[in-house]
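Colleague: Construct all of the structure, not just a fragment, from the sequences and the given hints.
Residue numbers (UniProt numbering): 1 to 186.
The hints are simulated quantities; they were obtained by calculation from the structure and are not laboratory data. Computed from a predicted model, the values in this text were never measured in an experiment. Beta carbons: idealized from backbone N, C-alpha and C, even for Gly. Check before you lean on any hint, since a few could be wrong.
Listed next, with one range per pair, are the computed distances between beta-carbon atoms [stated by the list, open to error]:
{"id": "1", "residue 1": "Phe86", "residue 2": "Asn117", "range": "32 to 38 Å"}
{"id": "2", "residue 1": "Val20", "residue 2": "Asp48", "range": "34 to 40 Å"}
{"id": "3", "residue 1": "Val87", "residue 2": "His43", "range": "31 to 37 Å"}
{"id": "4", "residue 1": "Val133", "residue 2": "Gly110", "range": "16 to 22 Å"}
{"id": "5", "residue 1": "Asn117", "residue 2": "Ile9", "range": "40 to 46 Å"}
{"id": "6", "residue 1": "Trp17", "residue 2": "Phe71", "range": "16 to 22 Å"}
{"id": "7", "residue 1": "Phe86", "residue 2": "Ala21", "range": "20 to 26 Å"}
{"id": "8", "residue 1": "Lys22", "residue 2": "Asn117", "range": "29 to 35 Å"}
{"id": "9", "residue 1": "Gly28", "residue 2": "Ile95", "range": "18 to 24 Å"}
{"id": "10", "residue 1": "Ser14", "residue 2": "Val132", "range": "17 to 23 Å"}
{"id": "11", "residue 1": "Ala6", "residue 2": "Leu121", "range": "38 to 44 Å"}
{"id": "12", "residue 1": "Ile9", "residue 2": "Val67", "range": "30 to 36 Å"}
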Amino acid sequence: MFNALADRIRGLASLFWREVAKFGAVGGVAFVIDNGLTYYLMHGPMSDSEAKARFVGATVATVFSWVANRFWTFRHRRQANVVREFVMFVIINGIGIGISTGLTALAKYGMGIDDKNLLFLAGVVGILVATVVRFFAYRFLVFNQELDQEPEFSHDHEIIEAHPHREPARAAERAASTPTDGGPQA
Numbered sequence: 001m002f003n004a005l006a007d008r009i010r011g012l013a014s015l016f017w018r019e020v021a022k023f024g025a026v027g028g029v030a031f032v033i034d035n036g037l038t039y040y041l042m043h044g045p046m047s048d049s050e051a052k053a054r055f056v057g058a059t060v061a062t063v064f065s066w067v068a069n070r071f072w073t074f075r076h077r078r079q080a081n082v083v084r085e086f087v088m089f090v091i092i093n094g095i096g097i098g099i100s101t102g103l104t105a106l107a108k109y110g111m112g113i114d115d116k117n118l119l120f121l122a123g124v125v126g127i128l129v130a131t132v133v134r135f136f137a138y139r140f141l142v143f144n145q146e147l148d149q150e151p152e153f154s155h156d157h158e159i160i161e162a163h164p165h166r167e168p169a170r171a172a173e174r175a176a177s178t179p180t181d182g183g184p185q186a
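Modeller: What follows is the structure in structure tokens.
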């Protein structure tokens, strides 16, 4: 029982690792886009509107993120209904943008902080919190369609789905196909 549970946990970790690594790469680029644009806007054209600058940076990064996640990170899970997927993505990112912009606004208006670097840092903390929310929301709400078009992903659902009544049959199949002495079967 404990071995089966350990195998399932290892399988789930392997399944999520591929997506987490790709999500992290996309997120890293989106982070640079978001913060680079926000920093530029905060210290330039929108120097008096830090929360708005954060909103613009996050919005541009969101568009990049949708394209990259749809066609790379979760390409095997994207939905056939692109409009529904995009709307769900926008809603989830609206929540994420609300978190990062909200922390910037809270720092400025709620706490009275005027230092641009501290306001920038408040937005970065918001991005980190929103990133965790986004990954799980993308994985389970937005890009949740299992298309099984690629051989490397075609059996992922077996890791998650519990079929204890099938295990004895699979074990018997493996034992019958594998010689016990290491030599050829007669």
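Colleague: Take the hints in turn and mark each one as holding or not.
Modeller: Against the structure, the hints come out as follows:
Look at Phe86 against Asn117: about 35 Å separates their beta carbons, and that is inside 32 to 38 Å. A hinted range of 34 to 40 Å holds for the C-beta pair Val20 and Asp48, which are about 39 Å apart. Val87 and His43 have their C-beta atoms about 34 Å apart, which keeps the hinted 31 to 37 Å range intact. At roughly 21 Å, the beta carbons of Val133 and Gly110 sit within the given window of 16 to 22 Å.
A beta carbon spacing of about 42 Å between Asn117 and Ile9 agrees with the range 40 to 46 Å that was offered as a hint. Taking the beta carbon of each, Trp17 and Phe71 are about 20 Å apart, inside 16 to 22 Å as hinted. Look at Phe86 against Ala21: about 24 Å separates their beta carbons, and that is inside 20 to 26 Å. One distance hint, 29 to 35 Å for the beta-carbon pair Lys22 and Asn117, holds here, with the actual separation near 31 Å.
Range check, Gly28 to Ile95: about 21 Å between beta-carbon atoms, so the 18 to 24 Å window is met. Take Ser14 and Val132: their Cβ atoms lie about 20 Å apart, and the range 17 to 23 Å holds. A hinted range of 38 to 44 Å for the beta carbons of Ala6 and Leu121 is consistent with their spacing of about 41 Å. At about 33 Å, the CB distance of Ile9 to Val67 agrees with the hint of 30 to 36 Å.
The structure fails none of the hints (numbered hints given earlier).
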